[in-house]
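Participant: Chain by chain, the residues run as shown.
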Amino acid sequence: MTDKNKDLIDQKLQDLNNDGVDRRGFLKCMAWAGTGLVWTMSGGIPVSRAFAKGHGKDAGKGGDFSFVQISDSHIGFNKPANPDVTATLQTAITKINAMPHKPDFIIHTGDLSQLSKPSEFDTLDQVLKGVSAKQIYYVPGEHDMLSDNGEQFLQRYGKGTKGSGWYSFDQKGVHFVGLVNVANLKAGGMGSLGHEQLEWLEDDLKGRSASTPIVLFAHIPLWTIYPDWGWGTDDSEQALSYVKRFGSVTVLNGHIHQIMQKVEGKVSFHTAMSTAFPQPAPGTASSAGPMKVPADQLQRVLGITDVNYLVSGRSLAVVDSPLADSGSSVSGSGSGAGGR
Amino acid sequence: MKRNSVWVASFTASVIIAIVLLVAGSPSVTASEQPSAANAAVNIDNFVFGPQTITVPVGATVTWTNKDDIPHTSVSTEGVFKSKVLDTDEKFSYTFTKAGTYPYYCTIHPKMTGKVVVQ
Chain A
1 MTDKNKDLID QKLQDLNNDG VDRRGFLKCM AWAGTGLVWT MSGGIPVSRA
51 FAKGHGKDAG KGGDFSFVQI SDSHIGFNKP ANPDVTATLQ TAITKINAMP
101 HKPDFIIHTG DLSQLSKPSE FDTLDQVLKG VSAKQIYYVP GEHDMLSDNG
151 EQFLQRYGKG TKGSGWYSFD QKGVHFVGLV NVANLKAGGM GSLGHEQLEW
201 LEDDLKGRSA STPIVLFAHI PLWTIYPDWG WGTDDSEQAL SYVKRFGSVT
251 VLNGHIHQIM QKVEGKVSFH TAMSTAFPQP APGTASSAGP MKVPADQLQR
301 VLGITDVNYL VSGRSLAVVD SPLADSGSSV SGSGSGAGGR
Chain B
1 MKRNSVWVAS FTASVIIAIV LLVAGSPSVT ASEQPSAANA AVNIDNFVFG
51 PQTITVPVGA TVTWTNKDDI PHTSVSTEGV FKSKVLDTDE KFSYTFTKAG
101 TYPYYCTIHP KMTGKVVVQ
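Residue numbers (my numbering), protein chains in the order written: chain A, 1 to 340; chain B, 1 to 119.
Okay, chain A solo, but in the shape it has when bound (with noise of 0.2 Å):
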């Protein structure tokens, strides 16, 4: 590990509540999650955690549960970048069913497809049969709004929800609710939740104790990343507004096929990575468009997502995992030695 790595992970553990996890523990966390980030939070408060251990067993019980984040798969994608999408996909279920845990539940934040053709839905849901969890929650992203508005879309996965397909439903006392920010959108504009939806959205959210875990998840990211790629949500803030008074509040999303993630308040933001290509950091490249790497690269930058509820913080985990692991990551998880 290098000093500057070490500084940085010793930055980051100062204002470490007393979990009992210190920096030997720590980074034997990271090393189990390898390139993953290890987060929970907390009120808010990043906090790391050995959750690792004895995870596997504790699962389900008193009310703990897991559900993992797919995003971005673009079924249909058969350019340079990723030649063979179907395939990133299927290793990626295949990484899901090799859990300890099996989750809940998946839920797919966008862009299932590239043009949002019946075959490519078809494909996807043919290879998202062989997946553990059996329930898989979906917002449709702007290449799934192709044909009639979204309208193929909503026929296969959008039953019960309204609009352009938001819904809200619970799971173990967590709140979760899928909203769509891709329908409609304005020229020069970014993502947009329209007034229909926010209206619904604080009729959802009213009478519900602040003590409820909220989970928010669209497609486009509910904060502003980067304007000039269209990365962020016109509206956004009236629909945080709403948010603003729960203890804990995680908004989960896809669209930019690479892990941002920011705290505010009470407020975790999370961008998951793409089951099919990905794509540059903001500014770094002249556009938004699928980013080429090396062939034995690929798989590095791809990855899922799973996200761990823990009822006794009342806290969600949220840990980043690429389809293949690297074994010499210079991120800090080292040769899984431990802690130097």
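Derived by calculation from the structure, the hints in this document are not laboratory data. Certain hints may be false.
Listed below are the simulated PhoX-like cross-link pairs for lysine-lysine, each with C-alpha atoms no more than 20 Å apart in a straight line [to be verified]:
| id | chain 1 | residue 1 | chain 2 | residue 2 |
| --- | --- | --- | --- | --- |
| 1 | A | Lys-79 | B | Lys-91 |
| 2 | A | Lys-134 | A | Lys-79 |
| 3 | B | Lys-84 | A | Lys-117 |
| 4 | A | Lys-79 | B | Lys-67 |
| 5 | A | Lys-102 | A | Lys-134 |
| 6 | A | Lys-186 | B | Lys-82 |
| 7 | A | Lys-117 | B | Lys-91 |
| 8 | A | Lys-117 | B | Lys-115 |
| 9 | B | Lys-98 | B | Lys-82 |
| 10 | B | Lys-82 | B | Lys-111 |
| 11 | B | Lys-98 | B | Lys-115 |
| 12 | A | Lys-129 | A | Lys-117 |
| 13 | A | Lys-79 | A | Lys-292 |
| 14 | A | Lys-292 | B | Lys-91 |
| 15 | B | Lys-67 | B | Lys-115 |
| 16 | B | Lys-98 | B | Lys-67 |
| 17 | A | Lys-186 | B | Lys-98 |
| 18 | A | Lys-117 | A | Lys-79 |
| 19 | A | Lys-172 | A | Lys-129 |
| 20 | A | Lys-186 | B | Lys-67 |
| 21 | B | Lys-111 | B | Lys-67 |
| 22 | A | Lys-79 | A | Lys-102 |
| 23 | A | Lys-266 | A | Lys-244 |
| 24 | A | Lys-172 | A | Lys-102 |
| 25 | A | Lys-134 | A | Lys-159 |
| 26 | A | Lys-117 | B | Lys-82 |
| 27 | B | Lys-82 | B | Lys-115 |
| 28 | A | Lys-206 | A | Lys-159 |
Away from chain B, derived, C-beta distances all over 10 Å, residues of chain A [unchecked claim]:
| id | residue |
| --- | --- |
| 29 | Ile-136 |
| 30 | Glu-142 |
| 31 | Arg-156 |
| 32 | Gly-194 |
| 33 | Arg-245 |
| 34 | Ser-287 |
Just so it is clear, CB atoms sit at the ideal spot from N, CA and C, and this is done for glycine as well.
Given chain A, put chain B in place with the hints provided.
Facilitator: Only chain B this time, still in chain A's reference frame:
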């Protein structure tokens, strides 16, 4: 020499004839900066319409070609024209019969905007 001057004369004559035919064959050479203004092209590449603003005469046909590796659309903000989804190498054409300014954008990536000026 006689042969040479005949040759030069006929060569010059053919050049002059060629130029006349060329000028006659492109009716709008005086009317606009476009060499062949009956048809104009917009390339879509790298999430950009190029040229972003294109000026054409009334009656011109503009053809959008998607050269990007991502699908795009070309949709008028005033509802005047609307392409289907254009995958790589697919085209969309629209003939502008009325003068005016026609802003448009990509409905998939709305930050992509362009303008057709018809005069």
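Participant: Run every hint past the structure and note whether it holds.
Facilitator: Consistency of the hints with the structure:
1. Lys-79/A / Lys-91/B: Cα-Cα ~18 Å, so holds.
2. Lys-134/A / Lys-79/A: Judged against 20 Å, a Cα distance of about 31 Å means the pair is violated.
3. Lys-84/B / Lys-117/A: holds (13 Å)
4. Lys-79/A / Lys-67/B: Holds, at about 12 Å.
5. Lys-102/A / Lys-134/A: The given pair, whose Cα atoms are some 10 Å apart, holds under the 20 Å limit.
6. Lys-186/A / Lys-82/B: Satisfied, since the Cα-Cα distance of roughly 14 Å is no more than 20 Å.
7. Lys-117/A / Lys-91/B: holds (19 Å)
8. Lys-117/A / Lys-115/B: violated (29 Å)
9. Lys-98/B / Lys-82/B: holds (16 Å)
10. Lys-82/B / Lys-111/B: OK: Lys-82/B and Lys-111/B at ~17 Å, within 20 Å.
11. Lys-98/B / Lys-115/B: holds (15 Å)
12. Lys-129/A / Lys-117/A: holds (19 Å)
13. Lys-79/A / Lys-292/A: Holds: Lys-79/A and Lys-292/A sit about 10 Å apart, inside 20 Å.
14. Lys-292/A / Lys-91/B: Violated, because 25 Å separates the two Cα atoms, which is more than 20 Å.
15. Lys-67/B / Lys-115/B: Roughly 19 Å separates the two Cα atoms, so the pair holds.
16. Lys-98/B / Lys-67/B: violated (28 Å)
17. Lys-186/A / Lys-98/B: violated (25 Å)
18. Lys-117/A / Lys-79/A: holds (17 Å)
19. Lys-172/A / Lys-129/A: violated (24 Å)
20. Lys-186/A / Lys-67/B: It is violated: about 23 Å lies between the C-alpha atoms, which goes past 20 Å.
21. Lys-111/B / Lys-67/B: The hint holds at about 18 Å.
22. Lys-79/A / Lys-102/A: violated (33 Å)
23. Lys-266/A / Lys-244/A: holds (8 Å)
24. Lys-172/A / Lys-102/A: Holds, because 16 Å separates the two Cα atoms, which is no more than 20 Å.
25. Lys-134/A / Lys-159/A: holds (16 Å)
26. Lys-117/A / Lys-82/B: With Cα atoms ~19 Å apart, Lys-117/A and Lys-82/B stay inside 20 Å; holds.
27. Lys-82/B / Lys-115/B: holds (14 Å)
28. Lys-206/A / Lys-159/A: violated (23 Å)
29. Ile-136: holds (24 Å)
30. Glu-142: violated (5 Å)
31. Arg-156: Fine: 18 Å to the nearest Cβ keeps Arg-156/A off the interface.
32. Gly-194: About 14 Å separates Gly-194/A from the closest Cβ of chain B, which puts it past 10 Å; holds.
33. Arg-245: For Arg-245/A, whose nearest Cβ neighbour in chain B is about 32 Å away, the distance exceeds 10 Å, so it holds.
34. Ser-287: violated (4 Å)
Of the numbered hints given earlier, the model fails hints 2, 8, 14, 16, 17, 19, 20, 22, 28, 30 and 34; all others are met.
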